[in-house]
Every structure is written in C-alpha cells, then in structure tokens.
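Residue numbers (numbering that gives the first Met the number 0), protein chains in the order written: chain A, 0 to 296; chain B, 0 to 304; chain C, 0 to 480.
Simulated from the structure, these hints should not be mistaken for laboratory data.
What you were told as hints is all true, and nothing was included just to trick you.
Derived SDA-like pairs: lysine to any residue, alpha-carbon spacing no greater than 25 Å straight-line: (1) B:K209 / B:L150; (2) C:K323 / B:D47; (3) B:K66 / B:D138; (4) C:K323 / B:D264; (5) A:K288 / C:P450; (6) A:K57 / A:V40; (7) C:K82 / A:A136; (8) B:K209 / B:G118; (9) B:K38 / C:R1; (10) C:K421 / A:S153; (11) C:K78 / A:A136; (12) C:K323 / B:S34; (13) C:K82 / A:Y79; (14) C:K405 / A:F150; (15) C:K405 / C:N440; (16) B:K38 / B:D264; (17) B:K38 / C:R311; (18) A:K19 / A:F47; (19) C:K421 / C:N440; (20) C:K405 / C:E306; (21) C:K78 / C:V474; (22) C:K78 / A:D119; (23) C:K421 / C:D266; (24) C:K323 / B:T30; (25) A:K19 / A:E33; (26) A:K288 / C:T448; (27) A:K68 / A:D236; (28) C:K309 / B:G263.
Just some of the chain C residues that point at chain A, by a computed CB distance under 8 Å: (29) K82; (30) F85; (31) A123; (32) A129; (33) G130; (34) W131; (35) F137; (36) P399; (37) A427; (38) G464.
Just so it is clear, CB atoms sit at the ideal spot from N, CA and C, and this is done for glycine as well.
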Amino acid sequence: MSEVSEVAVTGEAGRIAVRKTYKLYIGGAFPRSESGRSYTVSDHADGFLANAALASRKDARDAVLAARKAFAGWSGATAYNRGQVLYRVAEVLEGRRAQFVAEVRLATGASAAHAEAEVDEAIDRWVWYAGWADKIAQVRGAANPVAGPYFNFSVPEPTGVVAVLAPQDSPLLGLVACLAPAIVSGNTCVVVASERLPLPAVTLAEVLATSDVPGGVVNILTGRVAEIAPWLASHMDVNAIDVTGAPGALADDMAVAAADNLKRVVRIPASDWAAEPGIERMVAYLETKTVWHPLGF
Amino acid sequence: MSEVAASDASLRRFLHGLPGVDEAGATARATMLASRSVKADAKRQAIDLAISMIDLTTLEGQDTPGKVRALCAKARHPGYGAPMVAAVCVYPDLAAVAAAELAGTPVKVASVATAFPSGRSALEVKLADVKSAVAAGADEVDMVIDRGAFLSGRYLAVYEEIQAVRAACGPAHLKVILETGELGPLDNVRRASWLAMLAGADFIKTSTGKVSPAATLPVTLVMLEAVRDWQGMAGRQVGVKPAGGIRTTKDAIRYITVVHETAGDDWLDARLFRLGASSLLNDLLMQRARMETGRYWSPDYVTVD
Amino acid sequence: MRFDYAPAPESRSVVTLRDSYGLFIGGQFVAGSSAFKTVNPATEEVLAEVTQAGSDDVDRAVAAARHAYERVWSVMPGKERGKYLFRIARLIQERAREFAVLETLDNGKPIRESRDVDIPLAAAHFFYHAGWADKLSFAGFGPSPRPLGVAGQVIPWNFPLLMLAWKIAPALACGNTVVLKPAETTPLTALLFAEVCQQADLPPGVVNIITGDGTTGHALVTHPGIDKVAFTGSTEVGKEIARSCAVAGQRLTLELGGKAANIVFEDAPVDQAVEGIVNGIFFNQGHVCCAGSRLLVQESVADEIIESLKRRMGRLRLGDPLDKNTDVGAINSRVQLDRVEAFAAEGEAEGAQRWSAPCPLPDRGFWFPPTVFTGVSQANRIAQEEIFGPVLSVLTFRTPDEAIAKANNTPYGLSAGVWTEKGSLILAMAGRLRAGVVWANTFNRFDPTAPFGGYKESGYGREGGRHGLESYLDVLGSSDV
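So here's chain A without its partners, still in its complex pose:
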C-alpha cells in the first residue's frame, strides 16, 4: 500500500489527508475528461496512488483548439517576455521542490538522492531554456550576403502547435526536456504524459498555471498513449509531433499519420535526460523565413 493509505488505516498522527484529484490541464483550466473516465495510477510498488483522468479524443481535440487559440499571443510576445515566464516557472518549481521530490519517489521508487537530483535538473532545465528565448534568433538567424542590391535576412519562427508524447519512464525531467524547447520560441503544446507515471505532469501543470504561462500555451492530457496519440498525429491543425513517448511500432505509425499534413516529426532517441541538451529540440520546431528587400535611393 502507498504511504498515504497506510497512514489513513493506522490513524497515526490522527489527521486524515485531503487527497488531490488529478485532472487534465486544458486552456489554463483543470477539467475532468469529457468522457468521465479515469484510470488507476499505481506507485512503484503497485500500491494505489490516484485515479487520473483518462483523456478521450475529444479532450485531445479541445486541447489542440486551446493550443491554437493561444498561439498568436504566445508567439507574438517578445522573446524577453517568454524568457521571463519560463524563468518564473523555474522559480515556482523551486518553491515546490519537496513536493516534486516526493511525487517522483512515489512514482519511480527512486532514492531521495536520485529524486532530488532529478528535480534539481528539471528546475535548471527550465532556467537553461528561459535563457534561450532571446538568443535562439541570434544563433539561428543570419543576414545573408546575396549577390545583388538587396538586404536579405533569415529569421527563425515557431512552427505552431506541437504535440509531445512525453517519455514513458522519466515523468518529470524527461517531460520538461521535451516540453520546454517547444514553447520557448513561441510554439504552443499538447502533451500526452507518461501513461504509467502521469502524476508529476499534472502537478507540473499546477506550476505552469501559477507562473504567468498564458492558458492554452501548454495543455496536458493523461491517459492511454495508444488511444490518444493517433488523434494528435493525424490532426490537421497540429504542426509538429514529438513521438518520444510512443513505443516502437506505434512511433512509426504516428510518423506515417503525421505525413498527411507534413508535420515536422521529432524522433530524437531518448538518452540521458540529465545531459546538457544541444539545440536540436528547439530547432526542430522552428521554421526559417528569408526576407528580401531592395537597397536604393
């Protein structure tokens, strides 16, 4: 049994805990699944943890709508502003460090030391990406010396709505490592959390909701990846998909379905999430726009 239920049965310390309800995070709000369904989430020792919302295709549809609606505002914000928001996420996450350490331990069975290292790295990862918001354009943009009387420049722009199938086995750090690079440059996101370990994602949503992240920029669905992912992979208003969290053959199917509207497909092999990432995960969601303008009196 989980720690929580043990305390309740034995009545130690006398106080009954108020257990959290784990819902979806769509458009800045926390609705239950429109299907009314839930599924059992267990801890590392197969004890009961919670009933998480079991997202349906309609929840996925609503999440994409929310993400699309939030795109103009988020991509239109200054890079400075987005950087400030991501840094604020790190601040709030740091404040909840103990809570996340406990959640990660319950979910994965990690030792205190490992869980603390993971949470610290997740916080630092937000800080790392916060600092990219106002720099990626300088690293990926260019003024091009064309052979003619034209000023020519190339700038990166966010591609739009990004679906992320979060890693199955790294419920906090892996999730952050896939989510932050998408939104830092102005994309908005629909995330399908780890199926077996979804709770840290929902608690992360609480952090996002209180960190000045506009509603709809990040949307988090919990449930069966095999049920939800195909609806996102085939959605004609989703511009890119990260299939990291899709096991083997499902990932191939997702990539094939994605081809219907030529989504950008991200298939970066999962490695050590704690290692310093390069810029590939940001670049994957950036278009490049080249502009010409004549020079002359």
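Once you've looked at the hints, dock chains B and C against the given chain A.
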C-alpha cells in the same frame, strides 16, 4: 481645394501625399502620454471637464422612450454637484423624445443617422434618415462614412456623400464617424480624417461603438494631429470625438492629456471635443466623490439608467 | 479651458541615503581615507559623502577580484554563474522604484526616464546575459571560450546604473570578475547595486565597486593586475587609455563620443519624425553619446519640420526631476553646464540662429533649456564637436548622397537616424552610413540583444548581443588591441 476633390484620382493623390504615420512611433507617443500623472487639482479639473464633454449614449435595438427619458434625466442632473454632460446621443426615431426632455437645457440632442452603424443603404435612404432626425429636433447628426467605398479607393463617393449629408443637416452640426476599427492602418485614419474635413465635417469621430476596436489613444492622437494641421492650413477648427470602449476615469483623463499635448487647450471644450460613452459617467462620478470624500466609492451610490 | 498638470512628485522616502559610503571590496563595504561629496544637480543639495579610492584601495580591489576569479568564479560552472545573474536581475526588478528615485536624485534625469528606461533596461541586461553564462559554446566563439580574467571598468555619469549593467553583466556571464568605478558625480546607484550583490549572495570579490574621480580611474585602467579594460566616456580620455593599453597589452574596448546625424527626408512620417528629433537630442538632457545632435533635414521640408519642431519643443516640461511629468531634467554638474553654455555662445558667435524652448528655469540647480540652432553649416564648431547637452544643430541637404556625405563627415561614428517612408532608402542609407548604430524611423532605442558601439573615434568593441560577448572572452577580436 476644389481641384483636389475633382475625382477619385486627384483625391487619391492628395490623400496619399499626406505624410505617413509610423505606427510604432505613434503608439509609443500615445503610451508616453498615457503615463502622464494627473493628480489633485488637475485631476478634479479633468474629471469635471470629461463629464462636460460626454455624449451620453444609448444605441440599442431595445431602446424605448422610457430608456431615453431616464438617460436624459441623468444627463441634466448627473448628481454629486457634477456639471451637465454635453449631449445625449440616440437613434433618429427617439430624437423627438430626447428633444422634449432636454428642451430648455444646454444639453444637446445628437442623433445617429445614415443607416448607422453599417452605412450600407442607398443614398436617398440615408439622407431621409438625416432629415427625419433634424426635423425631430436633433442639434447634431453623427453620420457614418461608407467604409466599403473608402477601402476600395472610391474617395469621391465618400466625399460627395458627406457633402450631401452636410447639406441635409441644415443648422445641425455634423459629426463624421470614420469607423477607425475597420480602416486598418493609421495612415488610413489620417486620410479619412482629411477627407471628412475637406468635405465639411464639423467633427470627426472614431467609431460607432459597434465594432471592436473602437476608440484608441493612437487613433485619437492621429485625428488630433489632423485637426491641428487642418486649422493651420484651412483656418477652421474641427472637433474630435473618440467613442466606444472609454469606460474609466483613467481612460478619459488619458484622452484629455492627448488633446492637451497635441491639438492644444482650445480643444478642451465641448465645442471641439466629445467623449462618446455610457458607463463612463458613473465612473467619473464615483471618482469625483472619492476626491471629495477621500474614500473609494461603490456602484450602489450612482444611478443605473 | 486652460488645463495643466498639478505637481506630481515621486516620493523620496523609498530611498534611504546614508551619510557616507565606503568602497565595496571583497563583498564588504570598507572605509577609505579620503572622501568627496555627491550632489543633487537639480537642487545643489549634498546627498552623501563618498570615498575617494586611492591607489592602495585600487590594489586591494584588484587583488580581491583576482582572488575571486581564480578560486571561485572561473571554476564555477556557467549554469551556476548564470543563476547569480538571474538573481541580480530579479533583485533590480524588485527594488526598481528605489533605484529609479536614487538615479534621479544623483543624476538629475527625470524620474519618468529612470523608471521607464534606465532601470528596466538595466534589469533586462542582467537577465539576457544570465542566459549566456552556460551557453558560450553556442555563441560562435568556439567550443569552450574562456574568460579574460579581471576586468577594470570605468563608466560615465549619463546612465549610471545602465552603464554599470552594460559592463558587469557580460563580464560576469563570460566568467570574468570586475572592478568598476562609477563616475564621480553619480556613484550612488552603483553603491546600491553593491547591496544587491550582497542580497544575491554573490561570492565576495566577483564584483568590486570603487568610487573616485579621474585619478582613481587612471589608477584602475593602468593597473598591471587588470587583464581587460572597458571604458565609456569622452573620446579624449579614451585615446589616453588606448595609448596606455597599447604599451601594457591589456585587451580594451571603448565607447566614446558621437555627433550623430538624424536625417529627415521629405517623405518622413512627420509627426513621428519630430518626436524622434526631440527624443534624439532632448532625451536625458542630451547627455547621450549617441544623441542625434545634428538634424540633417531635406531642404524641401526644412521650414515645415523646423516649425513643427519648435511647436513640439514648446511643450517640453523642464523642472523638478522627481516630478513624474517632467520631460527635461537638470544638467549633471556645474562643469557640464558651463561647457554647454560655452558652446551655445559659440554657436551664436558663429552666426547660427538660436531658439530655446520658453520654459522657466528653477533658481537653484544646473539647468539649460532645450535649444535649437538653425542656419548651421558643417564648418561651425557646434556642428562638429560633441556638446553633450540639449542643443540641436540643424543643417540641410538636397539629395541622399549629400546627406550621407555630411553625416559621415565627422571623426565620430557612433549612431545615425534615418526618417523616410521608403524601405529601400532606409536600407541604402543604413548601408552607407559609417555608424555603429543606425535607427530608422526611431531613435535612442536600446536592447540587451542588440550590439551597440561605434566606428572611428567613437570607439571600438560592441556591447550587447552575441557580438558583445567577444570583448570578455579570450578570443581574437579585430576591435581590440
């Protein structure tokens, strides 16, 4: 000036020959003016000035004589020792009700006309609309320009329509609504302002209030620059009326600041500046009460009309 | 109806002034042996006593910076260095009002400018550079660029906290430690910044602030323990420093004077151009190295522009810098005021026509009304030399080629402005103006991501952006000695 108004092409050359408006610069100037700090006596003065410049407006499909009477009562006597507003603004078929209620007071009757708010109707119908409003007792007519014609470059049609309405107004003053929310760039706001003034407008007005965005500070800034430059060129003073979306005392004071630092204090008068608003009046009254008593006020203490 | 703003003074109570300030060395405030006073230029009131750092103090500060560099800062991972800079950025934001009021008291600039421009930009500068600390391998200087060591930095009085941010943020982000000397007339926000460093728990010695006059500055920039010198100030002093670094071998960046041309074409968006002219020379009382101090207006629209300009200047509000509605504040010092007055007299003597905004000047303090000289020609001193005050010289031109020739006809090359609705003209002008910063249809806009610096005698090196990092890294740069 008559050669300018000879054709679409000549109007186009004139209007497009006016200096452009850099949107970022105009917005930055408006933002800076909005940061002016208007306190104490200046704030008291601005509040009373704003009240005296309100065109208290009701333009709803569900308007009735009873509604108009209530509004007129408020216009004549806002309460709290506040001055009367400048005018009441209604639909033409209720102008007679307003005229009766406001007879003998300095509060003017303004009526919208010309198939307000869209303006999409035949010219004869629009002119008849104007004449009926004036016959019913309207002192002022708020017309809408044909935005379709403007945006497709048929400037002469817009010009001639304003002239015809001006003639149909007789003694009544004409406000020309540009519907800036539909015009696109600030360059068009400048061009539409000049077109209206060329055609004889007494006032240029931002919006019908039925389209968003309605009045904004940058748009009003450009219109105030236009009337200032028009006075310099033609020697005549045209008024400016931002309308719609002006809800709080803070908003109203910002508009007064923009007038003060752009066209100048001649325009800080109901003859040359109006605020088209409805709920603004109560906010001004509450702020007035706060300045007098030192307490924050409650909507319970101002009337809902 | 005559309308005017009532006095709207910002309260001084948010600031706690000490009677005297020590030097910030090794993380502590330490006493010195001699002192000088800093004064509010709007009232001539003494604000505080500040220590004059002697050569011993400079030695100590450099040693503290060296110690911190070797033991702590150069071995700390970039991601942790970055977090200190993020903390500093946040602290500046938290104490923004205090910094703004203090800056206005010490410098004389209007509170609206301190509040809306100086302080937010300073915080943004730290925020931007915090993010580079752990990303230097992506900056285009090789896989792991190293810092230079200890930087000696001397800054001017015109944007005290902002200039401090421009110097300290990139230096620390790249892994250097610093000894910074603020200008003698404006030390207070630097000393408050030292408190912020303490609140951020910045390791002692990473930032050292030593106050003093030109002799302190000289001792600092010639100190053998300094690996890198960064100076913003007059061209004359910049050249002296260049000479000494040429011999001693330190890396050097200089940001010096300017005499920028603000070029207004006949198709300019007139109302915004007039705002841009006013902003270009009267913002910060013209105490701006990149000020648009020469208006080059196309002859066909010269009369109209000048008339609109005078009308606009007549609306400028000069007075108490702490009043939130003040546009033009005090001249920073008696010395600077004398200089500005001398130039204005020279302008009249040379035959230009002088017009000043008719604003009443307060009795106490150092004040000069916004002034424009028309009928100026290239040969006049007021067209060539940097006045560093609210004085605009107006010249005319007929063609773009002529505008370019006149604009470039100066030993300076810091900035320029171009006003026209025609895009290709903007880009063509930008391409041919010999200036490090070209503003089109705007002026005096700054951003931590945008490199800033001059051509020719306006200095070398860039501050801000990816390019600005180069000055604080051990990579070969063509701009440095």
